[in-house]
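As they're listed, the protein sequences go chains A and B. By the numbering used here, the letter at position 231 of the first sequence is numbered 231, and the numbering carries on one by one without gaps. By the numbering used here, the letter at position 182 of the second sequence is numbered 182, and the numbering carries on one by one without gaps.
Careful, some of the hints might be misleading.
[Said to hold, decoys possible] Keeping only pairs whose Cα atoms sit at most 20 Å apart, straight-line, the calculated SDA-like set for lysine to any residue is: (1) B:K319 with A:E115; (2) B:K319 with A:L111; (3) A:K230 with B:L318; (4) B:K97 with B:A111; (5) B:K319 with A:A138.
[As the list claims (entries may be wrong)] Covered stretches of chain A (in silico footprint by chain B; criterion: 3 or more residues with CB under 8 Å from a CB of chain B, positions within the stretch not fixed): (6) 129-140; (7) 174-187; (8) 224-230; (9) 311-317.
Source of the hints: derived by calculation from the structure; they are not laboratory data. Yeah, the Cβ is synthetic: ideal placement off N, Cα and C, and Gly gets one too.
One-letter residues, chain by chain:
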Amino acid sequence: MSAIHPSAGSLSPRRPNYRAVTVGTARAWLARREVQLILVTVAIFAITTVHDPSFFSAGNISFLLADAMAVAIIAVGQTLVMLTRGIDLSVAPVLGTAALAVGFLAQNHHLTPLEGVPLALAIGAAMGLGNGAMVAMAGIPPIIATLGSLAVYGGVQAIVAHGQEVVTLPPAYFNLGNGDLVSGIAYLGLIGLGITLLFAVVLWFTRFGRAVYAVGNNAEAARRAGINVKRITAMTYVLCGALAGIAGLVFLAHVGSADSTSGTDSNVELTAIAAALIGGSTLTGGKGGVIGSYLAAIFLEVALAALVDFRIQPIWEPAGVGVLILAAVMTDSTTGRPSLRVGLKSLLQRPGARA
Amino acid sequence: MSVSVKPRGLIRRRDVTNDQWWMGSLVLLLIAELLYFSIAVQGFWGGGTGMLDQTEYFLDIGVMALGSAFVIFGGDIDLSCGAMASFVGIVMAELWKQGLDIWLAAALALAIAALIGLIQGLIIALFRLESLLVTLATQFILGSLATAIGGGYPPYGFPHSFGSLAGTGTLGPIPLQIFWFAGLGWISFLLIHRTAFGRSLILLGHSREAARYAGVSVSWTRVRAFVLCALFSGLAGVLIAGTYNSVRDDLGDALLLPAITTVVLGGVDIFGGRGHLAGVVFSAFVLGFLYQGLLIEGASQLTANMVGGVVLVVALTLKLTLEQRQGGAALSERLRLRFARGGSP
Chain A
1 MSAIHPSAGS LSPRRPNYRA VTVGTARAWL ARREVQLILV TVAIFAITTV HDPSFFSAGN
61 ISFLLADAMA VAIIAVGQTL VMLTRGIDLS VAPVLGTAAL AVGFLAQNHH LTPLEGVPLA
121 LAIGAAMGLG NGAMVAMAGI PPIIATLGSL AVYGGVQAIV AHGQEVVTLP PAYFNLGNGD
181 LVSGIAYLGL IGLGITLLFA VVLWFTRFGR AVYAVGNNAE AARRAGINVK RITAMTYVLC
241 GALAGIAGLV FLAHVGSADS TSGTDSNVEL TAIAAALIGG STLTGGKGGV IGSYLAAIFL
301 EVALAALVDF RIQPIWEPAG VGVLILAAVM TDSTTGRPSL RVGLKSLLQR PGARA
Chain B
1 MSVSVKPRGL IRRRDVTNDQ WWMGSLVLLL IAELLYFSIA VQGFWGGGTG MLDQTEYFLD
61 IGVMALGSAF VIFGGDIDLS CGAMASFVGI VMAELWKQGL DIWLAAALAL AIAALIGLIQ
121 GLIIALFRLE SLLVTLATQF ILGSLATAIG GGYPPYGFPH SFGSLAGTGT LGPIPLQIFW
181 FAGLGWISFL LIHRTAFGRS LILLGHSREA ARYAGVSVSW TRVRAFVLCA LFSGLAGVLI
241 AGTYNSVRDD LGDALLLPAI TTVVLGGVDI FGGRGHLAGV VFSAFVLGFL YQGLLIEGAS
301 QLTANMVGGV VLVVALTLKL TLEQRQGGAA LSERLRLRFA RGGSP
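Looking at chain B on its own, in the form it has when it is part of the complex:
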């Protein structure tokens, strides 16, 4: 079996600098965006709290993006996140309807999600299959399962405590979802950048061959990433259920592509092995406020998606062009060189 070895160094100084540059740009973009929408769009600012309230409509995407980040860091991809969120939402609601406490139902549904993630990861790792293929198949299967379990009229009207804590509740002016997202983001950060598991994951995203020679159990690390991704996707589903106080068999489907967009815009290499989780957190806010701002401005969902797509492509083109043009130099160096020469590439 031959594994393509990517000709890159591991964690070099310049990667860190690149990440910092990328995150700096994201933060600037976020500030510019918030300023623009606050000034130009009536009803966006809302005295600051109005702006914060809008996070309820996009942080579920952020949570799913955190989950996707695990598999993408490891050089895989998971297309089943969206269907997984729908599935967990439906299973939770049905269990609740059977008389289970809503929180217990959510925990059980998440456990099932983790189990499915485990099976999925095992299939991918044991048969050495392309993750894109297997998760594409799982996505179809989970979609059908969600429809079959939920039926035409899935339950709604969850207990108030659930809708508040997992949905629209606030602590002072700050929506509780921000705390969820911050907590999950912090856990993800620790897992990826502060544990042996995370280091192994990034290493095998760089080169499976190198990871194996370094004594990393490639299969098991990949499996764990898929379990985490399934769990986070499930959590996103729970948050959507809480926010809208209802579930649908396709509630998470629309989140998949924005979530992957968030990860990539966050500066994580789609082939794995490079990037920083903080970038994903920032880009969740950048994209989320962009969508919300456009929607409040009166744009349609399709137009908002379109702008998101343009942002993704432009950002990546810029990044790649700068990286290619200047060969090995750090992004900061490249930017400096580029602009110092009066813009001529």
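The following block holds chain A by itself, in its conformation from the complex:
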């Protein structure tokens, strides 16, 4: 490529545009979804605190943090799957099944939360493996495969529940799910942060992490570069399932109960997908990261709590989530979408004209 005729001009390899990736300028920082989310969350907090000073209390902050974590942890797993251009609709019953299994053992056999971790991980990973096998091995489109497993795992959850529910748990669970390390910092918030940072490091600095991005950007190119696309894809579903299992444990500890429809009844899978999308991930893969998803889950929680604080009825919460998804995708400056003007033109033009 060195002997390019000067007249080749624009075809010659140019120096990469470093400005676009420089982290120094304020503009570049503001374009980052993570920074935007922190700013907006802080702004909502400030506005709501002016309205109601008790919103900015250690107890409330700690509660919001803990309350957001089940969704945040699932959103981290969902992000992994979405990075490979997939989607996992089946996380809600995975959460529910793990919560039930751990909950029953804790209720009847005094299983400690720490002993519950490997169990929740194993249940989640096994269910995730099912999804991974369908998507990576059988080649079923992810949305269909996980639509199927959503129904199947929902049945599994009902079988595990066997008509009973978890109601009384050892106090260790309550302490974990609602306790603080220092006032204002909930244990669960820290656990979620730890998981998020772990996966952020995995995605940035490990061979597996880079392969995940490569598969999402261009699976064929990744394959030719020697990446085992099927294994990487399957791995993301296993990890997503395992994280949903952990989220089940977190849910159990925070809520203190579980039944045959836990998770599914609160549409946790859709909220987690919403969080991942608001956090900057896309359905087309290869873009986004887990930190954005973690922050977006907290942002959603704070925004919806603020709604309640402003005496807006909780029935508008879903609408709030919907509007936030729309706002997030429409303000995403990095997707290279055409402007509204171009869109209008394409709609109004005479059929046959070039868009």
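Using the hints provided, position chain B relative to the given structure of chain A.
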């Protein structure tokens, strides 16, 4: 902007054959299922009419599936169908409570649904957004709207003529809902397989790029598909309201996933551009009778869903494996080859 061009041919002979094979299998599955349940499950057969009566409990899913089929044929997806059905049911009931004639109320509610579908389609087409994202958002918003409009105790007890015509009425032994479904299915069939709109829709499901070069207005075709989907979803909501003689703010929510399952089991490619509407009609009956049979047998709703999920995954795995193994050959050819070689793949 780059649109991924899928490496497939358009309407080739073998696609038609594949569709026929798929539909044939569905019909066989349906017959086997009906035979099994009639023999094994007490109360399923009911002298034939009992069996027909059960269609009232699942044809609303079929109507929603017909609507979803439009957007799925075009390579999109609509997650707001379920919430749309709930919304239309609630709006209709509230308008009726305000003193409007029930049929006028239903027509008005459907008009509002079409308008929302139009806005939704415009947002998707104008901003070139992923339909999954936008409809996920609309689903949340419509859900809230339905709850807000309906309140805690939405109206019930509609006029008898409505409950009969849009719900549980029969013509001789045949439930009226079958006529609704047949009529809507026939209209959908004509729209998709016999009009320029339908051809454009299938083409852009194949490849947006190709559709644009072929002179199809991609945006406008997508918008029309979303309007139709909203209308059909709304109709499903009206039918549920008629059947149960009441509405709830979440009456359609549970229908969304079964409806998409129906479309996919019907042989329509989830990425659009392939399939036949008749498959959707057959699979509506296959899945519907499966659910009903299991429920009458004493299974729980969750177990019935589970079996539905297994059927979906197994059917798709079978289809995809056969397609992959034999490369370009027609499904019939693949099946023949597969079984002729004594089962070894």
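Verification of the supplied hints:
no. : hint               : verdict
1   : B:K319 with A:E115 : violated (42 Å)
2   : B:K319 with A:L111 : violated (44 Å)
3   : A:K230 with B:L318 : holds (19 Å)
4   : B:K97 with B:A111  : holds (18 Å)
5   : B:K319 with A:A138 : holds (10 Å)
6   : 129-140            : holds (count 4)
7   : 174-187            : violated (count 0)
8   : 224-230            : violated (count 0)
9   : 311-317            : holds (count 4)
Hints 1, 2, 7, 8 from the earlier list are contradicted by this structure; the remaining hints agree with it.
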